Amino acid sequence: MASKRGEAKVRVERTPAEPDLASSVPWYRLMVLTRRFEDEAERAFRRGKIGGYLHLYSGQEAVAAGFLAAIRADDIFFTAYRDHAHAIFRGTPPEAVMAELFGKQTGVAKGKGGSMHLFDVPRGFYGGYGIVGAHIPLATGAAYALRYQGTDRICLCFLGDGAMNSGSFHEPVNMAAVWGQDGMCPIVYIVENNKYAMGTSVDRSTVVTHLASKFGLHGIENEQVDGQDFLTVRRAAERIVARVRATGRPYAIEAITYRLVGHGAADLFQPYRNKGEVEEWKQRDPIQILERELHRAGVLDDAQVAAIHKEAEEKVAAAIKYAEESPEPPPEELPRDVSAQG
Amino acid sequence: MAQVLTYRDALRATLMEEMDRNPAVVLLGEDIGVYQGTFRITADFLTRFGPKRVIDTPISELGFVGAAVGMAMLGLRPVVEVMTWNFSLLAADQILNNAAKLRYFSGGQVNVPLVIRGPNGAGVQLSAQHSQSLEALYAHFPGLWVVAPATPADARGLLLTALRGKDPVVFLENAALYGAKGEVQDGAAAIPFGQAEIMRRGHDVTIISYSRMVHLALVAAEQLAQQGIEAEVINLRTLRPLDRETLIRSVRRTHRAVVVQEQWRPFGAAAEIAAVIYEGAFDLLDAPVERVTGADVPMPYARNLELLALPHERDIVAAVQRTLYRQ
Chain H
1 MASKRGEAKV
11 RVERTPAEPD
21 LASSVPWYRL
31 MVLTRRFEDE
41 AERAFRRGKI
51 GGYLHLYSGQ
61 EAVAAGFLAA
71 IRADDIFFTA
81 YRDHAHAIFR
91 GTPPEAVMAE
101 LFGKQTGVAK
111 GKGGSMHLFD
121 VPRGFYGGYG
131 IVGAHIPLAT
141 GAAYALRYQG
151 TDRICLCFLG
161 DGAMNSGSFH
171 EPVNMAAVWG
181 QDGMCPIVYI
191 VENNKYAMGT
201 SVDRSTVVTH
211 LASKFGLHGI
221 ENEQVDGQDF
231 LTVRRAAERI
241 VARVRATGRP
251 YAIEAITYRL
261 VGHGAADLFQ
271 PYRNKGEVEE
281 WKQRDPIQIL
291 ERELHRAGVL
301 DDAQVAAIHK
311 EAEEKVAAAI
321 KYAEESPEPP
331 PEELPRDVSA
341 QG
Chain U
343 MAQVLTYRDA
353 LRATLMEEMD
363 RNPAVVLLGE
373 DIGVYQGTFR
383 ITADFLTRFG
393 PKRVIDTPIS
403 ELGFVGAAVG
413 MAMLGLRPVV
423 EVMTWNFSLL
433 AADQILNNAA
443 KLRYFSGGQV
453 NVPLVIRGPN
463 GAGVQLSAQH
473 SQSLEALYAH
483 FPGLWVVAPA
493 TPADARGLLL
503 TALRGKDPVV
513 FLENAALYGA
523 KGEVQDGAAA
533 IPFGQAEIMR
543 RGHDVTIISY
553 SRMVHLALVA
563 AEQLAQQGIE
573 AEVINLRTLR
583 PLDRETLIRS
593 VRRTHRAVVV
603 QEQWRPFGAA
613 AEIAAVIYEG
623 AFDLLDAPVE
633 RVTGADVPMP
643 YARNLELLAL
653 PHERDIVAAV
663 QRTLYRQ
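Line by line, the protein sequences give chains H and U. Each residue of the first sequence is one higher than the last, beginning at 1 in the numbering used here. Each residue of the second sequence is one higher than the last, beginning at 343 in the numbering used here.
If you are wondering where the hints come from, they were derived from the structure by calculation, not from laboratory data. There's no promise every hint is true.
[Stated by the list, open to error] Covered stretches of chain U (in silico footprint by chain H; criterion: 3 or more residues with CB under 8 Å from a CB of chain H, positions within the stretch not fixed):
#, segment
1, 396-402
2, 415-429
3, 432-446
4, 502-509
The structure displayed is predicted, hence computed values, not measured ones. Even for Gly, the Cβ is constructed at its ideal location relative to N, Cα and C.
Whenever a hint applies, use it, and build me the whole structure from the sequences.
Structure follows, in structure tokens:
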């Protein structure tokens with residue numbers, strides 16, 4: 001916390017306090033649920049039930065879970081198109097998310113957005129976005145609005161490593177730093193560095209591979225975190241969120257993580273990486289890491305683990321059934337929602 | 343009581359009035375505060391409303407237009423000044439892919455009450471990159487309203503509607519009109535989008551235009567009157583929505599139409615308006631719809647070439663004469 005503005009630092013925060021562990025069990029449950037959700041969504045895609053693009057979060061769960069565990073019910077967040085987990089972690093019913101993927105009337109956006117455009121505004125989820133980096137300015141302006149309205153709410157902006165090479169990263173981040181000087185930009189930028197922008201690795205697209213440090217160039221405090229370890233992410237998130245809420249200044253964190261699945265469901269052959277690398281990262285599966293920690297601390301036993309997995313299977317099966325049986329949007333929906341007036 | 347105001351002062355006064363009335367209105371843009379605004383629309387606003395409401399931005403069109411979209415999603419009512427619409431191309435993705443579509447792809451969960459305003463069209467010898475008319479580009483996209491006031495009264499009435507609606511509005515001003523004077527009624531009400539104004543009555547031909555070209559059409563109509571031709575002149579005020587009804591009703595009466603635009607001819611606003619006329623008045627037309635447009639070249643710098651590239655009232659007169667087979 002004593003670091004100067006602009007300096008990057010790596011923090012290791014293990015040995016959490018006991019209450020932290022017990023309160024992490026529901027997050028373990030959500031992570032298991034989400035993994036199952038993604039697996040089943042992919043199967044539904046192969047069956048032709050889901051169209052378009054389908055980007056799965058498997059392997060990266062601890063990042064979104066750790067941060068969403070640290071914010072208040074009235075805080076808000078934005079992310080890109082790998083967004084199913086963010087919705088489910090926040091409490092959006094999995095069946096409404098699945099129905100959206102199936103293009104049904106009962107989906108979160110009435111079947112008009114699909115996988116890349118999940119929204120749950122009553123829960124503070126201001127959207128999934130399909131153009132890489134283009135949601136970063138939105139989140140930045142939203143953070144300004146929260147302060148302008150006199151609240152102490154904050155905004156989280158999840159983004160991928162690939163987004164950081166776009167102009168839509170540098171422009172708003174620079175503005176956030178300027179606005180932060182007056183305490184007018186309570187935002188946390190959370191880089192989900194999963195090593196690849198589609199098939200282009202970080203080191204093939206930038207020389208500065210310490211991505212957190214790029215925020216430092218704009219005068220924003222930043223750090224890296226092990227994105228596979230939920231407890232570490234959560235503790236960092238709690239500290240950062242409290243600080244941003246108090247100061248109204250932006251902060252950035254780069255979570256080092258890995259996507260265990262392809263870029264999208266159509267990325268079958270993954271010529272940009274070898275199987276050995278994927279296998280290596282499977283040893284650092286965030287769900288297993290958290291499971292081990294909770295097990296060791298005695299807040300989770302084998303029977304509970306089995307029950308949680310069974311419950312996830314049932315919930316996702318119910319979500320698939322609900323999505324399949326839901327009606328398509330009626331033709332009258334086509335022109336609705338384009339404009340508020342006329 | 344009516345007051346004579348310039349187009350600039352009509353915009354300025356309306357903006358100020360709404361900011362006094364509604365604390366959710368904030369302004370963003372380059373040099374709108376300390377510098378007082380490139381075209382002085384926001385002169386003295388910083389002193390009056392403070393830096394939290396009058397935000398001088400870095401030169402980051404993508405960044406500040408996008409940030410304004412985010413503010414609008416959270417319930418503020420941002421008004422972005424683009425120094426000229428040419429620079430909006432740097433923010434095109436934010437306008438076209440976010441502002442215009444957010445409401446739809448969220449299934450109606452968010453509104454984007456955003457106004458983006460600034461001068462559109464040619465100036466004087468500003469050359470190729472600073473002289474563009476982008477109305478057809480923006481009017482192509484569902485989810486945006488596209489407004490192009492021709493008079494101080496339009497400027498006030500349309501800005502009021504823009505500032506009180508719930509949708510993103512592309513508000514196209516014209517630098518050559520900022521000093522133009524006109525009557526504005528005290529406390530004048532908002533002008534709803536999609537209501538064209540008939541600026542001059544006539545029965546021989548309908549001249550349809552918007553923004554600065556309306557004034558050329560009025561000059562041309564004067565000249566035509568001296569030849570015994572009575573032209574009806576329609577000021578569209580908004581391109582999206584387009585007041586199809588007023589257009590069609592007029593052309594069904596005059597049987598002839600000339601559409602005037604400053605922008606390039608291919609795929610321009612005039613092509614759309616001509617199609618609307620063909621769809622609604624084909625059986626009553628006595629001549630093909632004529633288009634008067636800018637030349638199909640990037641804007642040249644040399645003044646003589648620039649004048650050749652822009653529509654002139656004599657072009658309108660000639661087009662009207664063609665519809666009457668008088669050439």
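Next item on the list: With a C-beta cutoff of 8 Å, work out whether three or more residues of the segment 502-509 of chain U approach chain H closely enough for the coverage to hold.
Entry: Our answer is that it holds, as 3 residues pass the Cβ test (under 8 Å) against chain H, meeting three.
Notebook entry, point to check: Against chain H, does the segment 432-446 of chain U show at least 3 residues with beta-carbon separation below 8 Å?
Noted result: It holds: at least three residues are needed, and the segment 432-446 of chain U offers 7 whose Cβ sits within less than 8 Å of chain H.
Check: Are there three or more residues in the segment 415-429 of chain U whose C-beta lies within less than 8 Å of some C-beta in chain H?
Finding: With 5 residues closer than 8 Å to chain H, the segment 415-429 of chain U meets the three-residue bar; holds.
Margin query: Between the segment 396-402 of chain U and chain H, are there enough contacts, at least three residues with CB-CB distance under 8 Å, for the coverage claim to hold?
Written below: Since three or more residues must qualify, the claim that chain H covers the segment 396-402 of chain U holds, with 3 doing so at under 8 Å.
The earlier numbered hints are all upheld by this structure, with none contradicted.
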